[in-house]
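Trainee: The listed protein sequences correspond, in order, to chains A and B. Residue numbers are given in our numbering: position 486 of the first sequence equals residue 486, and the series is strictly consecutive. Residue numbers are given in our numbering: position 142 of the second sequence equals residue 142, and the series is strictly consecutive.
Take the hints with a grain of salt, since some may be wrong.
Unchecked claim - Just a sample of chain A residues kept apart from chain B, beta carbon distances all over 10 Å, derived:
{"#": "1", "residue": "35"}
{"#": "2", "residue": "92"}
{"#": "3", "residue": "114"}
{"#": "4", "residue": "118"}
{"#": "5", "residue": "206"}
{"#": "6", "residue": "256"}
{"#": "7", "residue": "258"}
{"#": "8", "residue": "279"}
{"#": "9", "residue": "342"}
{"#": "10", "residue": "379"}
{"#": "11", "residue": "410"}
{"#": "12", "residue": "460"}
{"#": "13", "residue": "523"}
{"#": "14", "residue": "549"}
{"#": "15", "residue": "578"}
{"#": "16", "residue": "587"}
Stated by the list, open to error - One side of the interface only, derived from the structure: several residues of chain B facing chain A at Cβ under 8 Å:
{"#": "17", "residue": "32"}
{"#": "18", "residue": "105"}
{"#": "19", "residue": "129"}
{"#": "20", "residue": "131"}
Note that these hints are calculated values from the structure, not bench results. All C-beta atoms, glycine included, are put in the ideal place defined by N, C-alpha and C.
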Amino acid sequence: MNKTRLQLMLCGGTGCDSTGSEKVRIALLQEIEKHGLSEEVQIIVTGCNGFCAVGPVMVVQPEGIFYQKIQPEDAKELVDSHFLKGTPIQRLMYKNPANKKIIPKMDDIPFFSSQVFRAMRNKGLIDPEVIDEYIARDGYFAAAKALNEMSPDDIIKEMLESGLRGRGGAGFPAGMKWRFAKEAQGDVKYVLCNADEGDPGAFMDRSILESDPHSVIEGMIIAAKAINAHKGYIYCRSEYPLAVKRLNIAIEQAKNYGLLGEDILGSGFEFDVEVYQGAGAFVCGEETALMRSIEGKRGMPIPRPPFPAHKGLWKKPTILNNVETLANVPQIILNGGKWYASVGTATSKGTKVFALSGDVCNIGLVEVPMGTTIRKLVYDIGGGVPDKRKFKAVQLGGPSGGCVPEQYLDTPIDYEEITKVGAIMGSGGAIVMDNTTCMVDMARYFMDFIQDESCGKCTPCREGTKRILTLLENMCKGKGQPGDIEQLEELCEVVKHSSLCGLGQTASNPVLSTLKYFRDEYEAHIFDKTCPAKTCPALVKFEVDPNKCKMCGLCFKGCPADAIQWEKKAVAVIDKTKCIKCMSCYDRCKFDAIM
Amino acid sequence: MKNSIRPKHPDITSEMWDTIDEIIAKWKNTPGSVITVLRECQDVVRYLPSELLHYISYGMGLPLSQVFGVATFYSFFSLTPKGRHTIKVCTGTACYVKGIKETINRIYGKYNLKEGGTTEDRRFSLEGVRCLGACGLAPVMVVNKDVHGAVSADKVVQILEKYE
Numbered sequence: 001m002n003k004t005r006l007q008l009m010l011c012g013g014t015g016c017d018s019t020g021s022e023k024v025r026i027a028l029l030q031e032i033e034k035h036g037l038s039e040e041v042q043i044i045v046t047g048c049n050g051f052c053a054v055g056p057v058m059v060v061q062p063e064g065i066f067y068q069k070i071q072p073e074d075a076k077e078l079v080d081s082h083f084l085k086g087t088p089i090q091r092l093m094y095k096n097p098a099n100k101k102i103i104p105k106m107d108d109i110p111f112f113s114s115q116v117f118r119a120m121r122n123k124g125l126i127d128p129e130v131i132d133e134y135i136a137r138d139g140y141f142a143a144a145k146a147l148n149e150m151s152p153d154d155i156i157k158e159m160l161e162s163g164l165r166g167r168g169g170a171g172f173p174a175g176m177k178w179r180f181a182k183e184a185q186g187d188v189k190y191v192l193c194n195a196d197e198g199d200p201g202a203f204m205d206r207s208i209l210e211s212d213p214h215s216v217i218e219g220m221i222i223a224a225k226a227i228n229a230h231k232g233y234i235y236c237r238s239e240y241p242l243a244v245k246r247l248n249i250a251i252e253q254a255k256n257y258g259l260l261g262e263d264i265l266g267s268g269f270e271f272d273v274e275v276y277q278g279a280g281a282f283v284c285g286e287e288t289a290l291m292r293s294i295e296g297k298r299g300m301p302i303p304r305p306p307f308p309a310h311k312g313l314w315k316k317p318t319i320l321n322n323v324e325t326l327a328n329v330p331q332i333i334l335n336g337g338k339w340y341a342s343v344g345t346a347t348s349k350g351t352k353v354f355a356l357s358g359d360v361c362n363i364g365l366v367e368v369p370m371g372t373t374i375r376k377l378v379y380d381i382g383g384g385v386p387d388k389r390k391f392k393a394v395q396l397g398g399p400s401g402g403c404v405p406e407q408y409l410d411t412p413i414d415y416e417e418i419t420k421v422g423a424i425m426g427s428g429g430a431i432v433m434d435n436t437t438c439m440v441d442m443a444r445y446f447m448d449f450i451q452d453e454s455c456g457k458c459t460p461c462r463e464g465t466k467r468i469l470t471l472l473e474n475m476c477k478g479k480g481q482p483g484d485i486e487q488l489e490e491l492c493e494v495v496k497h498s499s500l501c502g503l504g505q506t507a508s509n510p511v512l513s514t515l516k517y518f519r520d521e522y523e524a525h526i527f528d529k530t531c532p533a534k535t536c537p538a539l540v541k542f543e544v545d546p547n548k549c550k551m552c553g554l555c556f557k558g559c560p561a562d563a564i565q566w567e568k569k570a571v572a573v574i575d576k577t578k579c580i581k582c583m584s585c586y587d588r589c590k591f592d593a594i595m
Numbered sequence: 001m002k003n004s005i006r007p008k009h010p011d012i013t014s015e016m017w018d019t020i021d022e023i024i025a026k027w028k029n030t031p032g033s034v035i036t037v038l039r040e041c042q043d044v045v046r047y048l049p050s051e052l053l054h055y056i057s058y059g060m061g062l063p064l065s066q067v068f069g070v071a072t073f074y075s076f077f078s079l080t081p082k083g084r085h086t087i088k089v090c091t092g093t094a095c096y097v098k099g100i101k102e103t104i105n106r107i108y109g110k111y112n113l114k115e116g117g118t119t120e121d122r123r124f125s126l127e128g129v130r131c132l133g134a135c136g137l138a139p140v141m142v143v144n145k146d147v148h149g150a151v152s153a154d155k156v157v158q159i160l161e162k163y164e
């Protein structure tokens, strides 16, 4: 690697890529060449930076200047003013929404400064397609240590000491899983990485795979040594083509460097990894279903025991760890389990990555120490709810999780504490919802997802989720009956306690948690036939409140069905025979005049 | 495999059959490779007609029930023809909260196209997909390989009209 005067760390993650970072790269390259700066200024396309909300983003190193929302037209000014004359461009810097002050350096922006990077320690710092850059950041040192200096028991001891728990959601101690597999009898064993990140609203695994694929491969090598496995699979969902591409590049490079294959680093240990692409089935995130899928079968779970540690893939002892879990492993081996456990709460150690999205100012990926409060996550890092709306709840854990309302915002991030308030840690999706989100509709949304993804093997999940969905749909359509809530509760309990796998057992969580905290909204839907958040079209009257209408005509201009009559200085009128209930008028009205 | 057993199908040309034979030959002896074979074959034909599934089952030496079982289980596989342009609308939570439902309704209003369907002229196919992991751009729509962020109901038709 040549050391240049300036390194432009341009984000090439999925978010920035779709807002045009590739065009920015070409424009910058042209300008740099035009000024003969190719020897001095180097563009490095990195994986996801995490601050997806303001993409495309670029960090100029070594100064650490953070630029956001860069357009190709800005390239000329960037080169002229910043890279040649040394005057950074304020226009493209981050502005603190609270006081409008410009914050030039990335490390000073609240979104970044409250974070602790462990699983994501290399994000935005290395080119994920160049193995040397990973090695320069102590990459594969841990693998070398594990292979040459440590016994399987030493590795497991460090893992247990670190307290690292499965980051896929269930929170089972990784070290314990490894010990079971190590002790299991068998000549052939497997190490699997679960990169089938299916929870809607979770994208931390994608980001890690795109920005630092080698950390996951290194984690797998260490796991392989611990249980004496020689073959591994990374089960990645096909919706993540960039992650698959980068993983394959990383595996190829690791093979060329002798870090995968026979006799790794002269240790005599053999291990090989292959990427296996999923084909779009949420249930394949469940461990036994994932293994069936690799075997080329329908991805249906099987009852446990036998546990995968004894009889997993092709009935051989197998461990399955999530991407984020594996990305933490190399540092635990390098710095020791005690170091890792120095951060966190009594039962949850280390850090957790969250994908913050929904109605929040700073959408993106954040890594925080366990024990951080949810309030800090949403307000200090996330910047709170935009457009002066009111916070309503944050949904943690996706379709298996639940909502955390305002009064529990001070709950620390900890597997047990979050479960107590009715949500789960889950894989780390954190979707913020403001007061325009209907909680009944939200529960309906998750149930729709679950019943669609239910594999159909066991009756409670297959039929139960359908019945729950029907009840919720009726409520949203204004056809809810007295007694529906009680029936809903009963069904949820049955599905929870009698389903075969985790998908069904947790399927009712979104309903139960919204019932617990927002029962009044359910009641309003059933008894008053109104939707307090005005999200359910069937319960909106589509009439204009003449007392609130300011006669601005915005609704008229936006109506795709020509159903609104309006003239200047007159209250708008909606023709219900033409209205298609698309909510366009409601969304446009700034005065809340659509009833 | 001999040409004589290739079934006739209007959507599969003889070059496509050659590629399909190569795919089957490549994976025939790898256990658990049926999903990969189906994916690669779907890339060639753009969907999986039942004649093709019969052919794969024969070529791979697998029971037809297993091949059909896998093809119908995973949402990635389609047994019906696809349009020239595939619209994928993200129905993940973040996109849902940000209003993808209105966008989908607008697509239906304009093209009479529902999730999982194809327009009569085979111009568009619409798929609802689970989280694309681009929640920062919600609501997200992918047309072929182009990602479109912040696709409000008002913008969607304008974007789609560019795809003939």
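Trainee: So, for every hint listed, does it hold in this structure?
Mentor: Against the structure, the hints:
no.	hint	in the structure
1	35	holds (32 Å)
2	92	holds (18 Å)
3	114	holds (18 Å)
4	118	holds (21 Å)
5	206	violated (4 Å)
6	256	holds (23 Å)
7	258	holds (25 Å)
8	279	violated (4 Å)
9	342	holds (31 Å)
10	379	holds (18 Å)
11	410	holds (23 Å)
12	460	holds (20 Å)
13	523	holds (23 Å)
14	549	holds (21 Å)
15	578	holds (12 Å)
16	587	violated (7 Å)
17	32	holds (4 Å)
18	105	holds (6 Å)
19	129	holds (7 Å)
20	131	holds (4 Å)
Checked against the numbered hints given earlier, the structure breaks hints 5, 8, 16 and satisfies all the rest.
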